[in-house]
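Trainee: Listed below, chain by chain, are the residues.
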Amino acid sequence: MENKGLTKVDLIFESIDVRKVMTKAFEMTSDEIIKEILDSGLKGRGGAGFPTGLKWKYTAAEKEPEKYIVCNADEGEPGTFKDREILDRAASKVYAGMAMAGKAMGSKKGFIYLRGEYRFLLPQLFVELHKFHKMIHEIGYDFNIEYRMGSGAYICGEESALFESIEGFRGEPRNKPPYPTVSGLFSKPTSINNVETLVTAVMIIDKGAKEYVKLGTKDSRGSKVFSISGDTPIPGIFELELGMTVQEFVNEFGDGDTKAVQVGGASGFCVPRKRFADTIIGFEGVPTGGSMKLFNSSRSMYNVLHNYLDFFAEESCGQCTPCRVGCQQLLKGVEKVKKGEAKSTYLTELVKLADTMKVASKCGLGQSVGNAFRSIVENFREEIIY
Amino acid sequence: MVTLKINDQEVKVAAGTTVLDAAKKLGVNIPTLCNHPDLCVAGNCRVCVVEQTGARTLIAACAMPVSEGMDIHTNSLKVRNARKHIVELLLSEHRADCTKCYKNQKCELQTLANEYSFGEHIFLDLVEDHPYAIDRSSPAFLKDDSKCIRCQRCVRTCAQLQHVSAIAVSHKGSHMKISSFHDRPMSHVVCTNCGQCVNRCPTGALTEKTYIDQVWDAIYDTDKHVVVQTAPAVRVALGEDLGYDPGERVTGKMVTALRQLGFDSVLDTDFTADLTIMEEGTELLTRLKKVLVENDHSMALPMFTSCSPGWIKFIEHKYPKMLPNLSTCKSPQQMFGALAKTFYAQKRNIDPSKIVSVSIMPCTAKKYEADRPEMRSSGYKDIDFVLTTRELAVMIKQAGIDFRTLEPTHYDSLMGTSTGAGVIFGATGGVMEAALRTAYEIVTGKPVPFNNLNITPVRGMDGVKEATIKIEGTVDEWKFLEGAELKVAIAHGLVNANKVAKAVSKGKVNYHFIEIMACPGGCLGGGGQPIPTSAEIRQKRMEAIYSEDMHMDLRKSHENPEVLAIYKEFLEKPNGHKSHELLHTHYIERESY
Amino acid sequence: MYHTGNLVKELAEKHGRKRESLMPILQDIVKKHNYLTDDAMVAVATELDISAAEVYGTASFYTFLDTEERGKNIIRVCKTITCSMKGKNDIVSTIEDILKIKVGETTPDKMFTLLETNCIGWCHKAPAILINDMPYTDLTPETVIDVIKGYMRK
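Chains as they are written, first to last, in my numbering: chain U, 349 to 734; chain B, 711 to 1303; chain C, 12 to 165.
These aren't lab readings, by the way, just hints derived from the structure by calculation.
This one's a predicted model, so the numbers in the text were calculated from it and none came from an experiment.
Wrong hints could be hidden among the right ones.
Unchecked claim - FRET-style restraints, in silico, Cβ to Cβ:
no., chain 1, residue 1, chain 2, residue 2, range
1, B, Pro747, U, Lys558, 39 to 45 Å
2, C, Lys43, B, Thr763, 52 to 58 Å
3, B, Pro747, U, Lys411, 30 to 36 Å
4, C, Pro152, B, Thr763, 54 to 60 Å
For each residue, glycine too, the CB sits at the ideal point set by N, CA and C.
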């Protein structure tokens, strides 16, 4: 187990000369940019962790003249708030990542899909965007970014649901294949990347992949912005090198009484105290889009689970059976067990159901509901029953 | 070509084929629910999940295109467990009061439950958690959300086949459901009552409003004289609900069965179809004369046919400015109804208040049409009850009739005689062909210049068809049409009707006469026809219709002796005063939602 | 209820009449009037040449595109886990007390609607609420009273 310990890093919010890095990228070929990103080992920072370089490579390979770069700023995972902070403090670096991606993939058009809850950020973001457009056009880029707003739907963070929403429809995930790199927004090849991923890409071009790979582990290169909340004396945004154990994380952020950490939000995994020491935060252990929630011993894990299930039952798009009905069954099921109206063995049936949801749901939402369910029920069974 | 393995059998299929279709080729049946051959792929219900070796999750066979070297297992333990769960989940949100349900034994969910979920249910009942109410507002169908499994077949039907979208998916998560505009009653929205959704609903969530019991009551009431008419498309589809393959003509057996059910007189909508041709053909020629010769624009061209009540409601909602373009002729059903309680009553010397007029239709919109307040020109409700083809099959089964062994018989004579022109009303293009057979002959004194009277350019399943007929050798009265080219168009399925209507409203096309049928394939694909439906099934029914036409002694409406007689004895002449009173109607502008 | 007037036409001019114009148009109507009336949805359907049921179906998918009448100020209290842990219930009952309405209701003067909502992205400053577009965080029953009173004065 590669363990890097807990190290604070300052890449994402680091103040850099955006014009300089944009000029550097403008002078690189498409292949050179993509190679840097591939070499960096960067994986998507939204949570799913798809290698960013590959996504860019696939999109670049498409012959279609019209392609899109989409920035996924529909940050909705409970416990995640880092993208808001990045947009608030480093918007020009987000724009830079998109323009750079556009250069790499031969796209002239970018869209930022911003969740409706962050609408208050818009005036400032527009001011920065105006400045940015002016700057890159001076360098010679032919690239333009527009904002599209969400209106309160967690599922629109799923890439194909996000496209549906921009196209004016209900945010219902599409069947895949085709994948976005082939047929995404408006059925054109599309590279859709998380806010933080785009900024990281800018920093990789700025500093070079060779420098970047020094951070993190083999499976989880680089650093990551964490959104830390719950029972912690210092909630907030922290950029940390990947590769620490949950124990190291708890040592830094816990309140001395941490009994569980929910890594990756409601769709992530619950790590109980007994697993803190041997669980790495990263793709080799528990992956996360940044959400880290700490629970101390005063918290009822039944309430936590119930809250998550209630969230999913409301935020499922509702189109596919396992997710729409499964979420309702899990919610109602734990309520019945808690009230003593169903036998505790019913939890075993529900875990099996969660497994079915994992393999049979149409998109990542339904597929990941089981993560939290299984990890909470298996580790805190008594709290669910009694 | 792509080579893959399904259940260890190798199969080669064209690129782009779905795993579902590839499996079908091997004779491997993968269960489906949201999938329907007439509709785009949804991949929602997940009943068709199969295992692909090496894949992280199961895949939906209906939505997954094949790829080289794929190794698929359709019946592995993992698949069976997931499928059982999915069926159980659907059952948990479905009010499974099967023995009370109209779709009992015809429900696709029930069939799956039979295969995957007998015994105790695993999951909790969710129906009680939702405030469901049955929408009974339409006279044509019921919408019972407590039986809805959210497969969205109805929504796709309403959008893709009918361009109506009276219903759409609303809300999300546990509240997701199928809604009309802001959940208004179906009778107060743009719904055309076409019943195409009813035809494709896998469960009892959308069913025709049935009047079987009321019809039995009328039959048992010795005080009543119950007449029944049967639409042309019923005779080529009824068999499907009684164990025959699609495309079997069962006209004679159906007539016998209706008699055995106890109807006092078994008559034919084809008779009034012929009468419609006389009225509508005359109306067309009058419009042509007024507009083209007399420059009198009080009448509009092109003229649209008006036999299809789904189409009527569609144009009333969507293109109210074009209502003057609709023929004022009532549909054959309503002409029949108006005459049954006037002409027929007089001839048979029966008090019209004692007549109960029943029609057997391939259509659910006919139930709505019969309920329109305009449809009372006899002084009574012209048509009392409309039953679908499916409902007739139910009655035949209820009566214990062994349909296969029945001897075919003929319709009764008064309003029971028809021609091949009346029969082909049941297929798209049929009204046009029937009208042309008659109008051409009126104008030129000669039969239409097509082999065997078969006007093939107006036939077939193309969504929009066009034809031009050059009129030559006119008789004196119609000399002004000499050398003219009559331009006609035919559309079926409201999505195609909309294309034509839009083109007409924008002045982009220059037709004289347009036939529109609301349903795919025309009435033979109607919302009241046996379930299931598909392009192949509709093709078989169409072939049966044209075969029925070829078997008729008379094939032109104006040669129908009963039609000639009714003008002589009762109506006087086409578009005459009495016709206008009984056989013509008017239309209403409706809201856009 | 409000009168839609020419608003929908103006928005269609601004955003276009393609399907992708639907969300921006609905969002702008809501920005101005806080919710979508049936008339507004029918007007949008007409402008975009799509069915009204489609407009309703799309709007009802999105939590912030309300299709029921709402007050001038919509208060959305985050109910997701951290805010729940950090006193969301106290915030809700405080607001209920001062506005004399329950969650889901609108004040008789149509000034406030009180709703609960899913995670709004302020977990590190829980409990948090949105009033219209503006977030208010690190709330206590005392501070939330000040916030609401501020809107009452506006």
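Trainee: Against this structure, judge whether each hint is valid.
Mentor: Hint check results:
Separation of Pro747 of chain B from Lys558 of chain U is about 56 Å and departs from the stated range, judged on CB atoms against 39 to 45 Å. The hint said 52 to 58 Å for the Cβ distance between Lys43 of chain C and Thr763 of chain B, and at roughly 55 Å that hint holds. A hinted range of 30 to 36 Å holds for the C-beta pair Pro747 of chain B and Lys411 of chain U, which are about 33 Å apart. One distance hint, 54 to 60 Å for the beta-carbon pair Pro152 of chain C and Thr763 of chain B, holds here, with the actual separation near 58 Å.
The structure is inconsistent with hint 1 alone, although it conforms to all the rest.
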